[in-house]
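Those protein sequence lines, which keep their order, are chains A and B. Under this note's numbering, the first residue of the first sequence is numbered 1, with each subsequent residue one higher. Under this note's numbering, the first residue of the second sequence is numbered 1001, with each subsequent residue one higher.
Hints are computed from structural coordinates only; laboratory data are not their basis. Note that beta-carbon positions come from the ideal geometry of N, C-alpha and C, so glycine has one too. Heads up, some of the hints might be wrong.
What the hints assert, rightly or not - A short list of chain B residues far from chain A (calculated; beta carbon distances all over 10 Å):
{"id": "1", "residue": "F1043"}
{"id": "2", "residue": "E1059"}
{"id": "3", "residue": "A1119"}
{"id": "4", "residue": "N1132"}
{"id": "5", "residue": "D1169"}
{"id": "6", "residue": "I1207"}
{"id": "7", "residue": "F1270"}
{"id": "8", "residue": "V1325"}
What the hints assert, rightly or not - Distance condition first, Cα-Cα at most 27 Å in a straight line; then the derived BS3-like pairs of lysine-lysine:
{"id": "9", "chain 1": "B", "residue 1": "K1088", "chain 2": "A", "residue 2": "K317"}
{"id": "10", "chain 1": "B", "residue 1": "K1088", "chain 2": "A", "residue 2": "K198"}
{"id": "11", "chain 1": "A", "residue 1": "K174", "chain 2": "B", "residue 2": "K1205"}
{"id": "12", "chain 1": "B", "residue 1": "K1304", "chain 2": "A", "residue 2": "K307"}
{"id": "13", "chain 1": "A", "residue 1": "K187", "chain 2": "B", "residue 2": "K1205"}
{"id": "14", "chain 1": "A", "residue 1": "K187", "chain 2": "B", "residue 2": "K1080"}
{"id": "15", "chain 1": "B", "residue 1": "K1205", "chain 2": "A", "residue 2": "K317"}
{"id": "16", "chain 1": "B", "residue 1": "K1205", "chain 2": "A", "residue 2": "K152"}
{"id": "17", "chain 1": "B", "residue 1": "K1197", "chain 2": "A", "residue 2": "K302"}
{"id": "18", "chain 1": "B", "residue 1": "K1197", "chain 2": "A", "residue 2": "K18"}
{"id": "19", "chain 1": "A", "residue 1": "K301", "chain 2": "B", "residue 2": "K1307"}
{"id": "20", "chain 1": "B", "residue 1": "K1250", "chain 2": "B", "residue 2": "K1304"}
{"id": "21", "chain 1": "A", "residue 1": "K152", "chain 2": "B", "residue 2": "K1197"}
{"id": "22", "chain 1": "B", "residue 1": "K1304", "chain 2": "A", "residue 2": "K301"}
{"id": "23", "chain 1": "A", "residue 1": "K187", "chain 2": "B", "residue 2": "K1357"}
{"id": "24", "chain 1": "A", "residue 1": "K18", "chain 2": "A", "residue 2": "K99"}
{"id": "25", "chain 1": "A", "residue 1": "K302", "chain 2": "B", "residue 2": "K1307"}
{"id": "26", "chain 1": "A", "residue 1": "K152", "chain 2": "B", "residue 2": "K1315"}
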Amino acid sequence: MTSMLLSPPDLAKYPFTKESRDYIKGLDLKVDELVDPDFVEALNRAEQRVQEALRGGEVKWGSERYYEIEILSYPIAIMLVASIDDDFLGRRYALAEAKRAYSFFREERDSKRLLEIAGSAFDWRAEGLASNANQSYDYALHFVDYLRNASKIRSDPWKLVNRLVINGMVFLNKDEFARLLSEEVQKHVHSTITSSPKINLPPLILQRIARITQILAERREKMRVEELPEKTMITAYPSCIKRLYDALLTGRHLSHIGRFSLTSFLVNVGVSTEELIRVYTSVSDFDERLTRYQTEHIAGKKGSGIKYIPPNCDTLKTHGLCPEPDEVCRTIRNPLSYYRTKARLISRGNTDAERA
Amino acid sequence: MLNVRETGVNFIERKFAEYYAETLEPISPISSFTQREFGFIPFTEKIMIRHRGFTGPEELKTFITSITPAHAYYSAAYYKNPEAPMAKKGWLGSDLIFDIDSDHIQTPCNNEHDYWICADCNIGTTRPLQGNCPSCGSGKLRSEFWLCETCLELAKAEILKLLDFLIADFGFQQREIVTCFSGHRGYHVHVDEEEVKSLDQAARKEIVDYLLGTGLNIEFHGLKKTNRTAEWLSMGPTLSDSGWRGRIAKGVYDLLLSSTLQQLEDLEGFTKNTAKRVIKNRDRILEGGGKSASWGLVKGVGPKTLKILAMNGAKKQTSIIDPVVTMDIHRLIRIPHSLHGKTGLKVVTIPFNSLEKFDPLKEAVAFPEGRLDVSVTEAPAFRLGNEVFGPYRHERVELPMAAGIYLLCKRAAKDARIPS
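Use the sequences and the hints to build the structure in full.
Below is the structure:
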């Protein structure tokens, strides 16, 4: 799997590969050299990458002609994001790069190409399957590599128990393989960001960072104001739900039960599924269709038609999701009753609420 | 020693000390020894001594003989600093481990050997008085497993299913898998293989769900809707399939061959008529799933019926492991060749090929020599070695050493005396 020959356009598409990293290393660039006018284009594109991630949630394909700029802009963008050192930005950028890679993966005609990338960039143990007419699988992937990436995707077809698993290998079609590979890209980009060393940057670059920070703040404000359910009384949320909501907004990974608790709570206090899906997909999710299905399922619009309510406090405690119970918590057994009690207290006036 | 009576605990502790001092084999074949955490439960206190690390088997043996624990454990996990407090240990990875306990399995004999130990007076009983201890009247009775051949055989059957999963589906080699009898009510399986060490909790949960069939959806295994009904089912699972597909086919086979009309009627979602139609068409359904995969071609047995059959068949193909143990990436587990303080039996590793004929009640005996005179309060019948003992009730009996120690460990007997 070492004989991969990636052309410059390939390196531009897949800047996280070893080949691409080697290529950049070969240029032997120093941070101070980046202020040289020769690099303005690369810096522009790097800044644009981060802005695309913040605004649209997906990094786009840059100029077709200037592969070198596209390649070079990737490590610079990582440097920009890393120096801002913001959890939300880091996660959002990683997701946006992964989405970009996913669309390229899907376009690859030659099934060997994905195999080469997976092997050389991430040491996946995978095999291509000879194609024949009634074959519904294109790849076999070692179950450890599969689980490392698929266990985060919460839906039935991705559960290991619903896959064909033979002799340590999980069978996948091309699209599934591409999807898992982009999960790996997301993790890789994120860990590159978090493990980047702190460096002193020249003023010209600091200006760009200031611009990104500005957009980040706007973006975050917009999410809080617009996408947060204004009509519900946020001040009446119990601390467990507030904490989950904050975790979601900063793009952190919620456990299955955490996500279920938050969704069922919000749905029950009157947040529409549309609003919820917007919040989820803008911060943490890859697949809007899946998010929609899960959210509508909890809201009772799909599947059994049952509208779910959040788990009781006991269950939340068991799962470590009850961080700081307060006075009101002592009187209730479910986050929803907390909301009703607290909302009543608040509407009666702050003095009452404090006494309670 | 002649005629000197000792309390049960003192006696067991002394015999355990002898065992550890005399046993010549290195205490255990544990890999990456220095990266493991060790833990011990002494006889006298109920608090675990943990966060211990050792340079090698010799140092471990020295320590064990100096404290003589009732229970001895090591971590399935590897740490940078095994002796540091939990948060500072530096987790490096963990073996993949499985625990199959007979108390997780429904057995036909459960109430034949129900047994409780009183938390207050520490005496065992087979018949509580209205839920209370017959000796001291305390209400704090905890149920205890009583060595039982049937229960242990059923646990072994689950182990055999587990090993099939591990080899056929997960592709592990026989040499990477170590199976142990736990010395009490079940078996442990360790997979010591580089690849699995890094698996996180979520990934281990997926393996657990795979083995327990949790979240299994037949539609992803061939019984799936396509536009034409015949085709819908003609892709169904067959006996020659691998993975869960093959298991589902096998499960339906077993279910149909072993069920009576009544048992089929009792399946959730079945009516009397469906059950009758299934029985009438039994051979043709079996033919379909077995050879031609043409599940859809049996008249009167529709997709819904087949799905119920498949789900119920699948249930019996699962391996009833304890999910908590496998998902816990910091788990402590018994050290092979150490003694189990609740039985006096030893944890034995079982060579792969002898698992089927392995007899835990014989091969785990740690004290094969000598005899012991004990005063039994209450004890259901049990077998150890080639002999069956009991039931006993308020009597003094002379037993082979291992059986005497077993009763002492179970708090079913006291006043140990070596007969003259």
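Exercise for review: Mind checking the alpha carbons of K1088(B) and K198(A) for me, to see if they're no more than 27 Å apart?
Suggested key: Holds. K1088(B) to K198(A) sits at ~25 Å (cutoff 27 Å).
Check your understanding: Closest CB-CB distance from N1132(B) to chain A, is it above 10 Å?
Key -> It holds; N1132(B) is separated from chain A by about 29 Å at its closest Cβ, greater than 10 Å.
Check your understanding: Beyond 10 Å from chain A, beta-carbon-wise, is F1043(B)?
Key -> Its Cβ never comes within 10 Å of chain A, the nearest being 32 Å, so this holds.
Check your understanding: Within a Cα-Cα threshold of 27 Å, do K1088(B) and K317(A) meet the stated pairing?
Key -> 25 Å, holds
Point to revise | Status of A1119(B), Cβ more than 10 Å from any chain A Cβ | key: 24 Å, holds
Check your understanding: Is the hinted pair K18(A) and K99(A) satisfied, with a Cα-Cα distance of at most 27 Å?
Key -> 19 Å, holds
Check your understanding: Can the restraint linking K187(A) and K1205(B) be considered satisfied, given a maximum Cα separation of 27 Å?
Key -> The given pair, whose Cα atoms are some 20 Å apart, holds under the 27 Å limit.
Review point. Is the hinted pair K301(A) and K1307(B) satisfied, with a Cα-Cα distance of at most 27 Å?
Key: With Cα atoms ~25 Å apart, K301(A) and K1307(B) stay inside 27 Å; holds.
Review point. Non-interface claim for E1059(B): all C-beta distances to chain A beyond 10 Å?
Key: 33 Å, holds
Exercise for review: Take the C-alpha atoms of K187(A) and K1080(B), compute the straight-line distance between them, and say whether it is at most 27 Å.
Suggested key: 24 Å, holds
Review point. Do the alpha carbons of K1197(B) and K18(A) lie within 27 Å of each other, as the hint requires?
Key: 25 Å, holds
**Study point:** Hint consistency between K302(A) and K1307(B) [alpha-carbon to alpha-carbon, up to 27 Å]
**Key:** Holds, at roughly 21 Å.
Of the hints listed earlier, those the structure fails to meet are numbers 5, 6, 17, 23, in rising order.
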